[in-house]
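Each chain, written out:
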Amino acid sequence: MLTLEGVVIRLDGFELQADFQVEEGKRVAVIGPSGAGKSTLLNAIAGFVEPVAGRVLWRGAEMTGSAPGKRPISLLFQDNNLFPHLTVAQNVGLGIHPGLKLTAEEQARVERALARVGLEGMGTRKPGRLSGGQQSRAALARVLVQRNPLILLDEPFSALGPALKVEMLELVQDLAGELGATVLMVSHDPSDMERFADAAILVADGVAAAPVAVAELMENPPPALRDYLGN
Amino acid sequence: MKHLLFAAGTLLATQAVAETPVLTVYTYDSFVSDWGPGPAVEEAFEKTCGCDLQFVAAGDGAALLSRLRLEGARTKADVVLGLDTNLSAAARETGLFAPHGKSPVVDVPNPFGEAGAWPDETFLPYDWGYFAFVYDKTKLSEVPGSLEELAASDVSIVIQDPRSSTPGLGLLLWIKAVHGDKAEQVWADLADNIVTVTPGWSEAYGLFLEGEADMVLSYTTSPAYHRIAEEDDSKAAAMFPAHYMQIEVAGKVAASDQPELADAFLDFMLSDAFQQVIPTTNWMYPAVMPEGGLPAGFDAPLGTDHALLFAPDEVAATRETALGEWLRALSR
Amino acid sequence: MAARAVPLKPVNAFAWIAVAFVAAAIFVPLAAVFVRADTMVKVLTSDWSALRFTIWQAILSAVFSVGLAIPVARALARRAFPGRGILITLLGAPFILPVIVAVLGLLAVFGRGGLVNQVLGWAGIEPVSIYGLHGVVLAHVFFNLPLATRIILQGWQAIPGERFRLAANLGMSPGQVARVLEWPMLRAVVPGALMVVFAICLSSFAVALTLGGGPRATTVELAIYQAFTFDFDLGRAALLAVVQLVIAGVAAALALWAAVPTGFGAGMDRIVRRWEAESAVLRAGDAVWIGLAALFLLVPLAMIFLNGLKGLAQVPGMVWTATGTSVVIALITTVLVLVLALSLATARRGWAEIVALSGIAVSPLVIGTGLFIMVNPWINPAHLALPVTALVNTLMALPFAMRVIAPEVARIEADYGRLADALGLRGWARMRWLVLPRLRNSLGFSAGLTAALSMGDLGVVALFADPDFATLPLQMYRLMGAYRMEAAAGAGLILLVFSLALFYLFDRGGRGDVDA
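Chains as they are written, first to last, in the numbering used here: chain Z, 1 to 231; chain X, 232 to 563; chain S, 564 to 1079.
There's no promise every hint is true.
[Said to hold, decoys possible] Mimicking EDC-like on lysine to aspartate or glutamate, the simulated pairs with C-alpha atoms at most 16 angstroms apart in a straight line are:
no., chain 1, residue 1, chain 2, residue 2
1, X, Lys333, X, Asp494
2, X, Lys368, X, Asp494
3, S, Lys873, X, Glu441
4, Z, Lys165, Z, Glu155
5, Z, Lys70, Z, Glu50
6, S, Lys605, S, Asp796
7, X, Lys307, S, Asp796
8, Z, Lys26, Z, Glu178
9, S, Lys873, X, Asp494
Derived by calculation from the structure, the hints in this document are not laboratory data.
Bound-form chain Z, shown alone (with noise of 0.2 angstroms):
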């Protein structure tokens, strides 16, 4: 269970206030108007911002103050996701070891991310040789070593095409079923939140909203997703 209890982010005069709660093992999407505090929500959880107010919680257990590297969590920003002078491997590696100090069991486990991932002897190509979409597989490649419960996506294959989107999206899904771990995605397009979600956060007017099911949230749109979808 991820809980966020009486959170509140100020940065620059704006405000974000959360209070929820999600359950392990589902996939949430964030979604909202843009520059309405989506990053900056996972941000706060993922530690690069710290509340002003607030708890942030992993099963039960306070993250709030310490440092980004300590927690949990596996997270994917929209660029910037892989060292440009490391190799593919070493970039997988460092999801294992941060000094990069890999044993040879540890060494054939990032392979085998690298496998999964569709990346099999790619281990020793730098990043800036590497299609957009293989950049994105090498970094769930490091997810997958990384074996964190929690997963954040900041829009990082916004750059995709929309085939190769879903094909990534259905990559993360897989990915997150085999290591059981919670996703938070944010999300600009209502069809891969559909595809994708459990359940959605809507991050509006200063507020992010408890997780609602994606179906009743279609149905039922409240005020600030209807002006939000546009119709």
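Following the hints, complete the assembly by docking chains X and S onto the known chain Z.
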């Protein structure tokens, strides 16, 4: 066993070193360089003294005095060699030097004492020279014959800054000695001859050799270097009615723990073995003419009536006035 | 987005140690000189005019060096041509030359009997004189144009190629590209470059005096020298040194305040092609800039080279020993500078940079004197010749290394800091896997610069002189002082070759596309 032998060897070696007394002489850089007088002097003195002569080089003459002042009575120096008569009053005032107690006969045309006698009781001279403007005979035909003629001509010169260089200070005092109250006017007249003022002798001489000016402030002995070391007879020093002198001196440090050796060194300094090295290593005139006389290629020095020099205790006050005049005249 | 603003982390222990070390190395000796000074501190009126001249010539030198460096760097950034790498290395040469070598090289071109006046003479035009304020500025531009060019060129290369592709895609004109992409970069880079050149010229001594033409061109550094050696007024020497430091500090603070972070984000570091700048006019313009800069910098170098060749045969053996000594000191200095610069740069604080920058404007004479006062009662100073030389060289070179490394570290943190945080990359792991590899270019350049600067630095403080320990520049000066101008020119050539070789090796080692 091996270690023991080694240890014993080290012990013996240390003892041998400890038994040889060390005479420490502070001097300027160029004295100890391979082409300076240092190596020959060290070899000759160590043959007779049964000691280890160690030179400590500390920049130029002015830096040498600064170092001594910083160290004060704790200095390790037994002898300081390389001050000149412009610095000797300040050096004497530090109270760090002991009288040498000698009355040598020297071949220095000494304008502030009797010829041949040496009046300074603290410092002894080891070499000397005249400042002069040096030029290239193949390039400059109309050579000025005096400071006024130089100022009136359109001959270009490079000089050194009196605030950072010994020859620069020499020229400042030279003009002051010849022209007294009119010195500032002479500097003003010279201003259009001066191509530039360099921080040290090396830069000025370098510029002259590159052809940046017709003449450079240096020594009457400079052409001898080109004649002897480079077999080049093209350089000459312009002869003026009178030339300012530089006399380089050495003194015994009062707190020395080797006073006898220091005395022996000062005696040695005025002997032939030291003096005959001076002309072709320091390119100055020896303070006591060695038996063989000057090497071929050296001009005989000008006599006493051509020599100018302020007494050491007049230098400080004169320098301050003259420096003010210089700054005013050249800043216009 | 607000989330881009990664909060500053607390300063790590290494940075504190580095700051403490540098501050102590500068301020403790300075304090020692003050304590030892027994007279009342007084400043002469001539010191004030020296101060005015010093600041004025430093401002002019900085403005001209950086102003000319911008078009040269832009031309180099957007043109690929054979020999470009070698040219960039050679362009760096004047910066690392001992002053007197460089001045003689300049005079061979611009002096009374130099090439320029020979050409003017054939054309029947009156010869021009290099001596005066313009000569001082000309020499300072000669020394600092290459450095300014390199700093600004780095700024250009830091703009990701994606941005230029985007600009091309949007059909931007050269003017629009300049406004949208190049101007923000220059806003961030130019103040730093101006500050560095200003601070270097602040402590100019031999150039200003030799080419200045007379006492009008008196600088503070000469006043310090005079106070110390001729007047033995330690208090005044130390006070003037403090004045020099304060001016450099103010300049540094101004530059840090004026430098705006670019926020260009990261690109996948591919070779940049510039579609908007492919017109014949722009190509010709760039060619002219590169050509002029090359002529201005390389012809004096060629003269040094030719003069040196003649003297090479006369170089005595001790020059080679001195070369070895200088190389050893250069390597020690390089290691020290890189460790300090990295530690200070990772602190990412303005004050860390200001502390590092102090070294640029510090008077070696005063630092040396302070150290001497401190150690002399206990240790024979001659035994410390090597460490003291390396220390002084480190203080002098650190500001340059910082100027190159600090903005890069800031950029790396802005681009990849969050990812590294999310992965828990901290301490040595962050250094090893993120900072060092991404800094490779800057580290190589800094190392090359430091090694070459150290080679060319007269450095050795006379008070610590050891008869058996002499650096190459010192031996060269000694040769000059003993009339041996040709042998000195030969030694100057050896110095030039070794400095350039060290620079080239380090810089080359750092170059290359790490992401391919």
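Right, here's what the structure says about each hint:
A hinted pair counts as satisfied when its Cα atoms are at most 16 angstroms apart, and Lys333/X with Asp494/X qualifies at roughly 9 angstroms. For the hint pairing Lys368/X with Asp494/X, the CA-to-CA distance comes to about 45 angstroms; that exceeds 16 angstroms, so the pair is violated. Between the alpha carbons of Lys873/S and Glu441/X the distance comes to roughly 14 angstroms, so the proposed pair stays at or under 16 angstroms and holds. Using a Cα cut-off of 16 angstroms, the hinted pair Lys165/Z and Glu155/Z holds, with the two alpha carbons roughly 10 angstroms apart.
Our distance criterion of 16 angstroms between C-alpha atoms is met by Lys70/Z and Glu50/Z, whose separation comes to about 14 angstroms. With a CA separation close to 9 angstroms, the supplied pair Lys605/S and Asp796/S stays within the 16 angstroms bound. The straight-line distance between the Cα atoms of Lys307/X and Asp796/S is roughly 23 angstroms, outside the 16 angstroms bound, and the hint therefore fails. Distance restraint check for Lys26/Z and Glu178/Z: the Cα-Cα separation of roughly 13 angstroms lies within the 16 angstroms cut-off, and the hinted pair is therefore satisfied.
As the CA atoms of Lys873/S and Asp494/X are separated by approximately 46 angstroms, the hinted pair breaks the 16 angstroms bound.
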